[in-house]
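Enquirer: Sequence:
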Amino acid sequence: MYVIDIAAVLHGWATQFRRVAAASTLRIAASLDFLQPFDLERISRKAGTAVIVCPLGYIDNYAFACFLSLSQGLPERVLLVRPRVEGVPHVAAAEAAVITPLAAGLLVVDLRFGFSDDTDVPRALGRVDGLALDPATERYYVIDDRALPKGALRGWPRWRRWLFAALSAACEPAAESFRLPAERTTEIATGTAGIGPGTAGAGWTQLR
0 MYVIDIAAVL
10 HGWATQFRRV
20 AAASTLRIAA
30 SLDFLQPFDL
40 ERISRKAGTA
50 VIVCPLGYID
60 NYAFACFLSL
70 SQGLPERVLL
80 VRPRVEGVPH
90 VAAAEAAVIT
100 PLAAGLLVVD
110 LRFGFSDDTD
120 VPRALGRVDG
130 LALDPATERY
140 YVIDDRALPK
150 GALRGWPRWR
160 RWLFAALSAA
170 CEPAAESFRL
180 PAERTTEIAT
190 GTAGIGPGTA
200 GAGWTQLR
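Once you know that position 197 of the sequence shown is 196 in numbering that gives the first Met the number 0, the rest is easy, because the numbers rise by one and skip nothing.
No lab work stands behind these hints, which were simulated from the structure alone.
Fair warning: there could be bad hints in the mix.
As the list claims (entries may be wrong) - Restraint-style ranges between C-beta atoms, simulated for each label pair:
id: 1; residue 1: Glu175; residue 2: Glu75; range: 25 to 31 Å
id: 2; residue 1: Glu75; residue 2: Arg122; range: 28 to 34 Å
id: 3; residue 1: Asp38; residue 2: Ala131; range: 38 to 44 Å
id: 4; residue 1: Glu94; residue 2: Arg153; range: 33 to 39 Å
id: 5; residue 1: Gln71; residue 2: Trp155; range: 38 to 44 Å
id: 6; residue 1: Gly113; residue 2: Pro36; range: 21 to 27 Å
id: 7; residue 1: Arg138; residue 2: Arg83; range: 34 to 40 Å
id: 8; residue 1: Gly86; residue 2: Lys45; range: 18 to 24 Å
Claimed, not checked - In the DMTMM-like style, the derived pairs of lysine to aspartate or glutamate whose C-alpha atoms are separated by at most 25 Å in a straight line are:
id: 9; residue 1: Lys45; residue 2: Asp128
id: 10; residue 1: Lys45; residue 2: Glu182
id: 11; residue 1: Lys45; residue 2: Glu186
id: 12; residue 1: Lys45; residue 2: Asp133
id: 13; residue 1: Lys45; residue 2: Glu75
The C-beta atom is built at its ideal place from N, Cα and C for all residues, glycine as well.
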């Protein structure tokens, strides 16, 4: 006899629905503006790799500055990871990851999961050829995806805004959703002035 945890099912549904709705709503031009305030060549480098998980594919200069402060320098390699759940049950291993160089020591890693796949980011990164990562020792940072840019839901009817707010309250934290190790994961706030518990400040920037 199978026992279905209704609360867990609804929790997972709310998480995925909210992220899909948010990603489809954010109409911000792709840009690398978040790097403009930083002279990467003059920031002291340190050995190792840091993984920044961007659940909605967005990061801003406030979040990146928080990362630099927390890491006390710029690791020699930084992976900006954009996980995405596709509308298919499974994604073939050969199509599950795309790596794009962004700047010196910075790489964008797009990870694709099927809706029946386990969204385990550390395990997925460990399977990517060329990264040479040890998922058991890497340090992870995750962008708080429970806040949206100011005006992101402009034009939505009131009932839809209410539903979105309710889903946000029930949304599973990104660190749990993507199986990030709690003892080696730090949540980073954005400079968002908008919906959710984000810190007031600048808007978001989508990675190219």
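Enquirer: Next step is simple, just say for each hint if it's right about the structure.
Expert: Hints versus structure:
1. Separation of Glu175 from Glu75 is about 29 Å and conforms to the stated range, judged on CB atoms against 25 to 31 Å.
2. Between Glu75 and Arg122 the beta carbons are some 23 Å apart, a value that contradicts the proposed interval 28 to 34 Å.
3. Roughly 28 Å separates the CB atoms of Asp38 and Ala131, a value that falls outside the hinted 38 to 44 Å.
4. The hinted range of 33 to 39 Å is satisfied by Glu94 and Arg153, whose Cβ atoms lie roughly 35 Å apart.
5. A C-beta distance of roughly 41 Å is found between Gln71 and Trp155, which places it inside the suggested range of 38 to 44 Å.
6. As the Cβ distance of Gly113 to Pro36 is approximately 38 Å, the hint placing it in 21 to 27 Å is violated.
7. A hinted range of 34 to 40 Å for the beta carbons of Arg138 and Arg83 is inconsistent with their spacing of about 23 Å.
8. The hint said 18 to 24 Å for the Cβ distance between Gly86 and Lys45, and at roughly 40 Å that hint is violated.
9. Taken as a hint, the Lys45 and Asp128 pair is honoured in the structure, with Cα atoms around 23 Å apart against an allowance of 25 Å.
10. With a C-alpha separation of about 21 Å, the suggested pair Lys45 and Glu182 falls inside the 25 Å cut-off, and the hint holds.
11. Between Lys45 and Glu186, the direct Cα distance comes to roughly 21 Å. Compliance with the 25 Å bound is thereby established for this hinted pair.
12. A hinted pair counts as satisfied when its Cα atoms are at most 25 Å apart, and Lys45 with Asp133 qualifies at roughly 17 Å.
13. Note on Lys45 and Glu75: the hinted pairing holds, with a Cα-Cα distance of about 6 Å set against a maximum of 25 Å.
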